[in-house]
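A.B. asks: Spelled out from the first residue to the last, the chains are:
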Amino acid sequence: MEPVDLARASFLFFPLALLGMLVLPGRPALRLLLAVVAAAIVAVVLPIWLPRGILTYLVSFSTMAGIYAILSLGLNSQWGLTGHVNFGVAGFFAVGAFTSALFTTKMPEGALAAYSQQAFGLEWPFLAGVVMAGIVAAIVGFLISIPVLRLRTDFLAIATLGIAEVIRFIFQNERWLANGPQPMRGIPRPLDCLFADPACSWLPQGVVNWLAPLSPRDYVFFYLIVVALVLTVVYLALERISRSPWGRMQRAVRDEENSAAMNGKNVTARRIESFVVGSFIMGVAGAIYAHYVVSIDYSHFNPLFATFIVWVMLMLGGSGNNKGAILGAFAVWGVWSGAAFVIDMASPALQAISPDLPSRGAYLRWMLVAILLAGIVLFRPQGILRERKKVSDFMPKGD
Amino acid sequence: MQDKRVSPLSHDPPPVLEVRDLVKNFGGLRALDGCSFSVQEGTITGLIGPNGAGKTTMFNAITGFFRPDSGRVLTDGQDITSLPPHGVFNRGICRTFQIPREHGTMTVLENLMLVAPDQAGERFWNCWFRPGLVRRQEREIRDRAMEVLEFVDLTRLADEYAGRLSGGQKKLLELARTLMAEPRLVLLDEPAAGVNRTLMNKLTENIEYLRRERGITFLLIEHDMDLVMQLCDPVIVMSEGRRLMEGRPEEVRNDPRVLEAYLGGQYGAA
Chain L
-3 MEPVDLARAS FLFFPLALLG MLVLPGRPAL RLLLAVVAAA IVAVVLPIWL
47 PRGILTYLVS FSTMAGIYAI LSLGLNSQWG LTGHVNFGVA GFFAVGAFTS
97 ALFTTKMPEG ALAAYSQQAF GLEWPFLAGV VMAGIVAAIV GFLISIPVLR
147 LRTDFLAIAT LGIAEVIRFI FQNERWLANG PQPMRGIPRP LDCLFADPAC
197 SWLPQGVVNW LAPLSPRDYV FFYLIVVALV LTVVYLALER ISRSPWGRMQ
247 RAVRDEENSA AMNGKNVTAR RIESFVVGSF IMGVAGAIYA HYVVSIDYSH
297 FNPLFATFIV WVMLMLGGSG NNKGAILGAF AVWGVWSGAA FVIDMASPAL
347 QAISPDLPSR GAYLRWMLVA ILLAGIVLFR PQGILRERKK VSDFMPKGD
Chain G
6 MQDKRVSPLS HDPPPVLEVR DLVKNFGGLR ALDGCSFSVQ EGTITGLIGP
56 NGAGKTTMFN AITGFFRPDS GRVLTDGQDI TSLPPHGVFN RGICRTFQIP
106 REHGTMTVLE NLMLVAPDQA GERFWNCWFR PGLVRRQERE IRDRAMEVLE
156 FVDLTRLADE YAGRLSGGQK KLLELARTLM AEPRLVLLDE PAAGVNRTLM
206 NKLTENIEYL RRERGITFLL IEHDMDLVMQ LCDPVIVMSE GRRLMEGRPE
256 EVRNDPRVLE AYLGGQYGAA
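Residue numbers (my numbering), protein chains in the order written: chain L, -3 to 395; chain G, 6 to 275.
The reader is advised that the hints may include incorrect statements.
If the Cβ cut is set under 8 angstroms, some of the chain L residues that face chain G in the computed set are [stated by the list, open to error]:
| no. | residue |
| --- | --- |
| 1 | Pro121 |
| 2 | Ala124 |
| 3 | Trp172 |
| 4 | Arg247 |
| 5 | Glu269 |
| 6 | Ser333 |
If you want the ones that stay clear, here's a sample from chain G, every Cβ over 12 angstroms from chain L, calculated [as the list claims (entries may be wrong)]:
| no. | residue |
| --- | --- |
| 7 | Leu34 |
| 8 | Val93 |
| 9 | Leu119 |
| 10 | Arg247 |
Hint data in this document are derived by calculation from the structure and do not stem from the laboratory. Glycine included, every Cβ here is placed at the ideal spot set by N, Cα and C.
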């Protein structure tokens, strides 16, 4: 085993262990042990077994799927928990991404200032940017929710879809805010000195030697850890809050609003709360995305990529089930990415049908996702993982 | 709260529920037309009247589902007209619905646990930062919900989805939910509709028992005259959005105005 593979394996271990904790059965202590052992084995085997390029591809695939999983969890806390039909996921995703970018980048100076404008640049650290992204998205969500949550079902969908478009157009047109139609560049990546040639000065020499064989292109191996950590925190926090008397109220509001009101629940406040929680999570997802792609512009936040695919993920995985939301994100992103390969391979056949067809492969992918959605709704409307019957985890088990 | 019962004969305290000149229009239709009545503590008051008399509208106006166009609703002399439904609930007033509105994707047990007032776990931050408190309360609420389930004889269905219950069982569940709230006044909207005789007798017994032992006041809408005659005293008759009369069951039964309201003829009456 070469040093490169060994270093990569060490990065793979942590996300794999978290995955193990999520998937494996058994009591927490046993699960931890199993997860650690399994993750260690898989982390070593993967780099040996797979070609390096494929492994890098898999890691960046998982990073993107993980970001979608956070979005999907955010949507689950609105749709799964309380039944809000929010078609404006992209809007909150955008607010989070641009907020974090503004808080963490440097204000452009000198000649650059002529090309690149932004409202402010505070050079805050990565984590502060992520938290601010969540907070600002939550505030935006709160302000929007006051008028919009008077609407329900399809009407709410129309209103939120419109608001997300408005948000996108604001970022496209307001040059002073976040560079308008031009991308915002240079969003800092957390700890990217790990992979730079003179590595971070504070790193102990042993670690520097360990990381030496890796190039900056391997940064995604580290970022996968960041995504896995954020995803885990969001998942645990959401799981805690939705499996509680609070979550029970939300489910009650979703099922039968009038009855919940007559049983003493403040329905309006509950609906706003869950909408704000969802907005916060989507904002966090936006920040994680911005720091991953480094350069963002308005076009990243169109409804197809940032709203509807998230809906398909949640519907496939299982509305109301947080594990399902994560599973759905990986599954649909897998189908989406896999379809690119398939269409690539099938391009001679497509060429034979019509010479224009291969260049329109992207549309074929969307068709595939649409068929998938139709299939879910027809054959398994509850998704792969059902919503759990018992709501509250605080309730004592048995007698 | 239920301990200090007030005799229905006492005149001193204000009535547990008082409705004054309630008016509600739906477009051109005047569903409530200056209706007034009061409900004394410790009674089972019947609210009857032909279809379209405004009985359910009255319930909706009392419980804050909509604001009446004019008029007031008072409990113990305090104005609750402008309170939202959960505010009315917090004043100790519960209601059931004509068509049961259970939370179908939750278990019967959690349908009941939901209702318990003042749960610490309903506050967002408590679930993260005070799990011990929430857990302790959940145990208490669970135990109380099991007692209530035993009372209405639904214990064996505790872990069933509420949506899977039969119509009659859902009616029982509605009654059980009001008990979880420890109410002072319960508004029952046709508790016996679509319920078989055996279950209805049980329901009657339960209501009678709750009034006697726990001092809960009931106001109930019902079309089953046998049940009304057996259970209610006094009976209020509504017709065309107004109170037609009020009296003991036998008085009501023999009143020509009531017969007229039910059998029609008020238009053509000589």
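A.B. asks: Compare the structure with each hint and give your call.
C.D. replies: Now for the hints, and whether the structure bears them out:
no., hint, in the structure
1, Pro121, "24 angstroms, violated"
2, Ala124, "21 angstroms, violated"
3, Trp172, "36 angstroms, violated"
4, Arg247, "6 angstroms, holds"
5, Glu269, "6 angstroms, holds"
6, Ser333, "34 angstroms, violated"
7, Leu34, "21 angstroms, holds"
8, Val93, "8 angstroms, violated"
9, Leu119, "5 angstroms, violated"
10, Arg247, "25 angstroms, holds"
Violation of the numbered hints given earlier is confined to hints 1, 2, 3, 6, 8, 9; the remaining hints are satisfied by the structure.
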